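First residue of the sequence shown: 2, per the working numbering; consecutive thereafter.
These are calculated hints, taken from the structure and not from any lab test.
No false leads were mixed into what you were given.
Calculated lysine to any residue pairs in the SDA-like style (CA-CA distance at most 20 angstroms, straight line):
id, residue 1, residue 2
1, 39, 29
2, 39, 28
3, 17, 34
4, 17, 7
5, 3, 28
6, 3, 35
7, 50, 38
8, 17, 27
9, 3, 33
10, 3, 27
11, 17, 32
12, 3, 32
13, 17, 31
14, 3, 36
15, 17, 6
16, 50, 36
17, 39, 50
18, 17, 5
19, 17, 28
20, 50, 40
21, 39, 2
22, 3, 34
23, 39, 16
24, 3, 13
25, 17, 30
26, 50, 37
27, 17, 35
28, 39, 52
29, 17, 4
30, 17, 37
31, 3, 16
32, 3, 25
33, 17, 29
34, 3, 20
35, 50, 61
36, 39, 53
37, 39, 49
Quick list of the computed label-pair ranges, beta carbon to beta carbon:
id, residue 1, residue 2, range
38, 10, 46, 32 to 38 angstroms
39, 38, 13, 15 to 21 angstroms
40, 54, 34, 20 to 26 angstroms
Predicted, not measured: the structure shown is a model, and the values here were computed from it.
Where is the CB? At the ideal position from N, CA and C, for every residue including glycine.
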Amino acid sequence: MKISANLAEEIVEDMKRRAEEQGISMTELLRQALATQKFLQEEQDRGTKLILQRAGENDRELVGTPNHYRTGRSRGR
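Please put together the full structure from these sequences, using the hints given.
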């Protein structure tokens with residue numbers, strides 16, 4: 002099915018750059034982004050805590066819905 006969307010120019014340019022860097026189409030980039038959002042939402046619905054860890058930094062916990070994440074320092078790590 003074909004759909005259309007109105008996106009800001011900077012978002013489209015970022016999508017083009019990311020797709021080119023990964024050697025995939027913008028359509029595939031969008032599919033992957035939607036699949037990631039779906040996975041994150043399903044995991045959050047199951048009560049999973051989602052953690053990001055950067056080298057040399059403290060863990061960061063993602064809190065909220067996938068569309069409205071905010072970060073906060075996790076405790077006890």
